[in-house]
Amino acid sequence: MKNLFKLFYRGTISFKNAFITEWNSIKSDKAVSSTFLSVTFIILIVYTYIYSNQVIKEVPVAIVNQDGTKMSRDYIAMLESTEGTKTITSFTDLKEAKKAYYSKEVEGIVIVPKNFEKNIRRGKQTTITTFADAANMLFYKRVLGDVSVVNGYFSAGISIKKELAKGISYDQAQKNYSPIKTISNSLFNTTSGYATYLIPMLTALIIQLVLLMGIGLLSGSRREVISTHTEFPRILHKGGVISVLLAKACLYTLIYMIIIPVQVGVIYALFGIPVRSSLLSIYIFIIPYVFSVVFLGISISSFFKRREDSIVFLVLLSIPSLMLSGLSFPVEGFTLFYNFISELIPSTPGILGFVKLTQMEASFLEVLNQWNHLWILTFIYFIIAAISLKIRAKKEFKLKKA
Amino acid sequence: MKPSLRIAKREIALLFNTKSTFVLAIILPFVFILFFNSLLSKGVARDLPVAVVDLDQSATSRNIIAQLDAAPEIEIGFFPVNQQKGEELIRLGKVYGLVTIPKNIEADLKSGKQVTIVNQYNSNLLLAGGLENKAFRKVIGTISAGINIEKQRKQGVSKQQAIINYVPIIANNHTLSNPYTNYSYYLNTGFLTMFLQLFVMLTTIYCFGADLKYSKGGKLLNITKGSLLTIILGKVLPYTVWFFLVGIVTLLSMYVWQDFPFFGSKLTVLAGLLLLIVANQCYALYFVSVSNSFREALTFGSGFAAVSLSFSGVTYPIFGMPTVLQWLSQIFPFTHFFELLLDQSQRGFPVFYSLKSIIILVVLSIVSISLSWFKLKRLFLKGSFNHNI
Chain W
1 MKNLFKLFYR GTISFKNAFI TEWNSIKSDK AVSSTFLSVT FIILIVYTYI
51 YSNQVIKEVP VAIVNQDGTK MSRDYIAMLE STEGTKTITS FTDLKEAKKA
101 YYSKEVEGIV IVPKNFEKNI RRGKQTTITT FADAANMLFY KRVLGDVSVV
151 NGYFSAGISI KKELAKGISY DQAQKNYSPI KTISNSLFNT TSGYATYLIP
201 MLTALIIQLV LLMGIGLLSG SRREVISTHT EFPRILHKGG VISVLLAKAC
251 LYTLIYMIII PVQVGVIYAL FGIPVRSSLL SIYIFIIPYV FSVVFLGISI
301 SSFFKRREDS IVFLVLLSIP SLMLSGLSFP VEGFTLFYNF ISELIPSTPG
351 ILGFVKLTQM EASFLEVLNQ WNHLWILTFI YFIIAAISLK IRAKKEFKLK
401 KA
Chain S
1 MKPSLRIAKR EIALLFNTKS TFVLAIILPF VFILFFNSLL SKGVARDLPV
51 AVVDLDQSAT SRNIIAQLDA APEIEIGFFP VNQQKGEELI RLGKVYGLVT
101 IPKNIEADLK SGKQVTIVNQ YNSNLLLAGG LENKAFRKVI GTISAGINIE
151 KQRKQGVSKQ QAIINYVPII ANNHTLSNPY TNYSYYLNTG FLTMFLQLFV
201 MLTTIYCFGA DLKYSKGGKL LNITKGSLLT IILGKVLPYT VWFFLVGIVT
251 LLSMYVWQDF PFFGSKLTVL AGLLLLIVAN QCYALYFVSV SNSFREALTF
301 GSGFAAVSLS FSGVTYPIFG MPTVLQWLSQ IFPFTHFFEL LLDQSQRGFP
351 VFYSLKSIII LVVLSIVSIS LSWFKLKRLF LKGSFNHNI
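For the protein sequence lines, the chains are W and S, in the order given.
Numbering follows my numbering, in which position 25 of the first sequence is assigned residue number 25; successive positions increment by one, without gaps.
Numbering follows my numbering, in which position 25 of the second sequence is assigned residue number 25; successive positions increment by one, without gaps.
No wet-lab data here; the hints were simulated from the structure.
You may find that some hints are simply not true.
Claimed, not checked - Pulled a few chain S residues facing chain W out of the computed Cβ check, cut under 10 Å: (1) 116; (2) 124; (3) 127; (4) 137; (5) 140; (6) 202; (7) 209; (8) 270; (9) 274; (10) 297; (11) 324; (12) 339.
Note that the Cβ used here is the ideal one computed from N, Cα and C, for glycine as well.
Next comes chain W alone, as it looks inside the complex:
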């Protein structure tokens, strides 16, 4: 009993020491503190600014009007009035329109055929031909989406007018035309805005990126001057790693308790990105996230010989982690292998949980799966970190002695 108490007492002392040592290293290492500030704020602002227009509007589309009747002009006017496309009607034939497409003046071509009005009046079918460039999916979706909507409305309008001619009321004609009405409610990100979609994901990813970089830099410089065991003397004792690891994790969690409100409170507000959760639930959620990332960082930092190495490898890792999180491309499209890999990266549940909390109005119970997942990762990486830190300290101890 007495021994246990002694162990605990030493543990708390070592916790305090480690906490203060780590804090001093962060403060005194210009690179680490500037990474924390520049990446967390500047990079986030730059990215948010890039996507701040949220949706693409007025994509230029070339119109080749071979008909030139009133009805064809009505059709074009309807296309013009959509939010997504801007019609440019100065083209007399496809060849000219193609030239404009080559020089990127337009992103698509719509051809209104000859006898458009005549055929419709005679009750014949007529064809609107669209060329949309899918090399860029966003333009493609916008152009094709708008053309389809206009085609649908125009067709419906013609049908309903015919019914009206038969003496049926407008309301009834409209109901006859579409027996089943569809209502699509887009939830959460109602305008399908790009910043609203991407920035919460990036915020959570940046937590991982910055933490790993900072830890990598610090551990790299300790390695360069061989000072791991002198800065954290308790590591060499039995069970000494535990308090050192916990101290580090707690310190970084505290740092994020300050960074997160600034990001979410200031930057999100500035660019009009909604936040739909309380700060408290974000805090509770990021504890295991920061913990698992810190331990992961310590585990992998033993691979980095120089402090600069960490920057290089972690920057490279960040984009694949984002892809693997499954929010940019649905996980249903991944193979089992990649699904497994993604489960091992803290950012996968971290991003998912953060997005669900802040964007999808999820209650804490609804992110419990991710939260537990993060605790499991925390546990796994804690063990790996403890082993790798111990080995390194012993190695350095021997090196210094020799």
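Put chain S on the given structure of chain W with help from the hints.
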């Protein structure tokens, strides 16, 4: 032996003796080529899980569910008892959308009343949510059209005329460049080449930074008898050649292994690739010349190269950015290379339209190297960076 050859030889020896450089320049590029090519190998999202609340429980509602399920994009996997439970499934991330079939749909349809089917989809996940909604509208639209046409036939209209009455305007949509709207074609073209230039950037900074960090600048100048050009050529050219080969492998992985569409000029793409590599090396030298330490150069370089993905318009078109950023996007070599690559591969434009990109890439290289020249010279004379941090 010529001094530039000596430098090159030394550089290659360093490459094989330093673990981190070796991993960075030789191994990782191939890991990433494998990763991106295999990650999105399916390219098109299929069978996204969707929930249906069936309040009618009739033959008609079951038919609607079966038809929804038959759409390739979605799969009906959950049948929550009410809308609330269904919305919970969306928040839990188990489904991408929730379709609610109202009560009495069968009876209402039979008596000629209009019914409403509601689809709630998660538009916070842009791609998946969008696909779900598109599939929903298409399926329900087809069912609705079928009922309309059936009604007309009962009034004695021929089937053909009934169809014409329903859709007087046919849409004949041609999908250019990427006919299967395959996401792998779209994203991987960007990601793979973006990572190539990231590797070029980082490796170049690495091979200069590592020497300057350990104050080897003077030693190098001694070898070349004070010529900066010789140092640069000796250190950079081996990597230019190497990354050109890696770049060719990257392109082969896309256009041969994965069979992405390629309609343009191969020669122009190769010229663009070479210029992208050279331009990135020039930019890397610029970052080395303006930095106070190895670490700073790496931070600038990696940040610049990473952000160039967003500025290239892969993720969000340049056209939609704020005007200031539209201008800014022009200083990124990758923006111009990416435009050239798309024009010459998927879009199959005439070579003439890619000359602009090539000229800009050349100009960017010349400007960046001239801006860094004197600073680099001073740096090498000093032998090391200002700081070690």
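Which numbered conditions among the earlier hints are violated in the structure presented, ordered from lowest to highest? Of the numbered hints given earlier, those the structure breaks are 8, 9, listed in rising order.
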